[in-house]
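First to last, the protein sequences are chains D and R.
Going letter by letter, the first sequence gives residues 201 to 300 in the numbering used here.
Going letter by letter, the second sequence gives residues 24 to 516 in the numbering used here.
Derived by calculation from the structure, the hints in this document are not laboratory data.
None of the values given here were measured: they were computed from a predicted structure.
Don't take each hint at face value.
Pairs of lysine to aspartate or glutamate, DMTMM-like flavour, derived with a Cα cap of 20 Å [unchecked claim]:
(1) Lys-72/R with Asp-60/R
(2) Lys-296/D with Asp-359/R
(3) Lys-217/D with Asp-349/R
(4) Lys-72/R with Asp-54/R
(5) Lys-40/R with Glu-137/R
(6) Lys-244/D with Asp-60/R
(7) Lys-252/D with Asp-415/R
One side only, chain D facing chain R, incomplete, derived with CB under 7 Å [as the list claims (entries may be wrong)]:
(8) Thr-229
(9) Gln-258
(10) Pro-273
Every residue, glycine too, gets a C-beta built ideally from N, C-alpha and C.
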Amino acid sequence: MSTKAKITLADLEHVAKLARIKLSDQERTVFLPQLESILEYLDKLNQVDTSKISPSFQVTKFTNVFRSDVVKPSLDQKSALTQASKTHDAYFLAPKTIDK
Amino acid sequence: MNLSYLAISQLHQAFLKKEISTVEIVQYYLDRIQKFDPQLNAFITICSKEAMNAARTLDAKLAQGLPVGRLAGTVMAVKDIYLTKGIQTTSASQVLKGYIPQYSSTVYQRLIDEDAITIGKTNTDTFAFGASTENSGFFTTKNPWNLNLVPGGSSGGSAAALAADLCTFALGTDTGGSIRQPASLCGVSGIKPTYGRNSRYGITAMASSFDCPGAFARTAEDLALITQITAGQDEFDATTSPEPVADYPDKLNQLSLKNLKIGLPQEYFSGSIDSEVKTLVLAAAHTHEKQGAQIIDISLPSTDLGIAVYYVLVPCEISANMARYDGLRFGQSNRDSADLLSYYLETRGQFMEPELKRRILIGTYALSAGYFDAYYLKASRVRTLIKNEFTDAFKKVDIILAPVSPTPAWPIGEKANDPLSMYLADVYTCPVNVAGLPAIALPCGFTSQNLPPIGGLPVGFQLIGNYFAEPQLFSLAHQFQQLTTYHLQYPKL
Chain D
201 MSTKAKITLA
211 DLEHVAKLAR
221 IKLSDQERTV
231 FLPQLESILE
241 YLDKLNQVDT
251 SKISPSFQVT
261 KFTNVFRSDV
271 VKPSLDQKSA
281 LTQASKTHDA
291 YFLAPKTIDK
Chain R
24 MNLSYLAISQ
34 LHQAFLKKEI
44 STVEIVQYYL
54 DRIQKFDPQL
64 NAFITICSKE
74 AMNAARTLDA
84 KLAQGLPVGR
94 LAGTVMAVKD
104 IYLTKGIQTT
114 SASQVLKGYI
124 PQYSSTVYQR
134 LIDEDAITIG
144 KTNTDTFAFG
154 ASTENSGFFT
164 TKNPWNLNLV
174 PGGSSGGSAA
184 ALAADLCTFA
194 LGTDTGGSIR
204 QPASLCGVSG
214 IKPTYGRNSR
224 YGITAMASSF
234 DCPGAFARTA
244 EDLALITQIT
254 AGQDEFDATT
264 SPEPVADYPD
274 KLNQLSLKNL
284 KIGLPQEYFS
294 GSIDSEVKTL
304 VLAAAHTHEK
314 QGAQIIDISL
324 PSTDLGIAVY
334 YVLVPCEISA
344 NMARYDGLRF
354 GQSNRDSADL
364 LSYYLETRGQ
374 FMEPELKRRI
384 LIGTYALSAG
394 YFDAYYLKAS
404 RVRTLIKNEF
414 TDAFKKVDII
424 LAPVSPTPAW
434 PIGEKANDPL
444 SMYLADVYTC
454 PVNVAGLPAI
464 ALPCGFTSQN
474 LPPIGGLPVG
484 FQLIGNYFAE
494 PQLFSLAHQF
504 QQLTTYHLQY
514 PKL
């Protein structure tokens, strides 16, 4: 099965919104052909039959690496807040999410 | 004392014998940085004050007869994607400009604990996305061998700093070749250990199943010591291996070249490879052969799919790892936005560099409904194929020898407007990351091109080992460097 490689402007805008990135008009113009050529190149993967091959999502042989659920010291609250552009008391300040 | 281009052991011994103080050593590098870095732009942040303070403390420690670490007297440059507590860490992106980490990377901390001193944070492609350091959100680093050429990437700042003698060793990361390629283009040695050998904790994540912290140094011997210090399980990185860390420096002369089977993968010596690069890499193979090794032709048939696998899976993992950059807890933000969605769109839109956006877009697309099977799942299956081909090859040979970059360093700007052509530069390096194997890059000669100020551009080759074969790699590399002097040549600045 061949993949639809061509990406339309609507696709690009949809994906950008999913990724929460605002693109300028110039960026849309520059990115579209670049992404199209990259996606077309990635179609190479269809050259090979992988129906009998299981996927590798990682390269180690480990699964379920656990540690004991013991509380240990970690980053203190004061340090954790120092790099935020907006804080209020011990909170990170974010734009309003609910409009009453 | 002449401090020029000294390796770790030379500086460490001189420090222990009190032939020189750490303050003098740090001053030497700071003077060179002041003189040469304005042309090279290898550094984003130079830590003069911190380095001097650390040097004074270390000299006092020795004077008091207190024990000092194995790296005492040495100075490191750190790729700016490593979190260094209290020192600005930008990942060479406007996204993190001004960010001061409140904790340090495990690998970095292990080296500091052995008394290495940080001289500065080096330039890289933004968040390590690139192969030339031109994608940096700040400036491009120049190749010390020719200022019109790229140093390679993404760890180009680290490679250039070491090649120009602005530090004793340098840290980098290798996700698709980002240590091995700039090492080769700058004529220095670099190690990409087995995935899971070094902890990724405290390093801004690019592709979590590919990222490998590693180092650049003057010699394989230095790389062996650095890796021995940094490697090993870390409770903060669940993908690190419990595999014991061998005493790499102790085993440098252990591997016998006699009858060692070295595989040359035919797919790496055809296609886009520059003829001089090919000649020099084959000559490196011949050097091993003269010592008794058997050179065996092997085939890794899925090599030409490596880039496609890489550029599906890596952008997918990138798109997840980059979601945290929303300017709320750290990083720059646009606070004029009307609502939450606009805030996210505008903050990320304003500060992210083009390559960040491109890769996030590709990854988001490939993971989205309707495309997941065709891209992500498909690429993950081909990843298994590539892994298996290497595993099968290691049943026939002990080590694989291959080129690193198809060409020597190229002019700044040449590939910058064509992302796909830049991606194709990774053809010989990224399959190793797809499989998670260790590889070491070493200088093996110079091109015949006569370019100012001196003739010839560096060319490197890589030795690829089976999982956790670092002892064999360091030993082979060390012995190669006893037989050759390419690694002792440096650019005239």
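Worksheet item: Under the criterion of a CB-CB separation shorter than 7 Å, is Thr-229/D in contact with chain R as hinted?
Response: Hint on Thr-229/D: violated, closest Cβ of chain R at ~12 Å, above 7 Å.
Discussion item. Against the 20 Å threshold, does the CA-CA distance of Lys-72/R and Asp-54/R hold or violate the hint?
Written reply: Given pair Lys-72/R, Asp-54/R holds - Cα atoms ~13 Å apart, limit 20 Å.
Worksheet item: With 7 Å as the cut and Cβ atoms as the points, is Gln-258/D at the interface with chain R?
Response: It holds, given that the least Cβ distance between Gln-258/D and chain R is near 4 Å, below 7 Å.
Worksheet item: Holds or violated: are the alpha carbons of Lys-40/R and Glu-137/R at most 20 Å from each other?
Response: With Cα atoms ~17 Å apart, Lys-40/R and Glu-137/R stay inside 20 Å; holds.
Discussion item. Hint Pro-273/D vs chain R: min CB-CB distance below 7 Å?
Written reply: Where the cut-off is 7 Å and the nearest Cβ of chain R is about 12 Å from Pro-273/D, the hint is violated.
Discussion item. Holds or violated: Lys-252/D and Asp-415/R, Cα atoms, limit 20 Å.
Written reply: Judged against 20 Å, a Cα distance of about 18 Å means the pair holds.
Worksheet item: Is the hinted pair Lys-72/R and Asp-60/R satisfied, with a Cα-Cα distance of at most 20 Å?
Response: Answer holds: Lys-72/R to Asp-60/R is near 17 Å, not above 20 Å.
Worksheet item: Does the alpha-carbon distance linking Lys-217/D and Asp-349/R stay inside the 20 Å limit?
Response: Roughly 14 Å between the alpha carbons, so the hint for Lys-217/D and Asp-349/R holds.
Worksheet item: Does the alpha-carbon distance linking Lys-296/D and Asp-359/R stay inside the 20 Å limit?
Response: Given pair Lys-296/D, Asp-359/R holds - Cα atoms ~12 Å apart, limit 20 Å.
Item to complete: Please work out if Lys-244/D and Asp-60/R have their alpha carbons no farther apart than 20 Å.
Response: violated, 42 Å
This entry does not satisfy hints 6, 8 and 10, going by the numbered hints stated previously.
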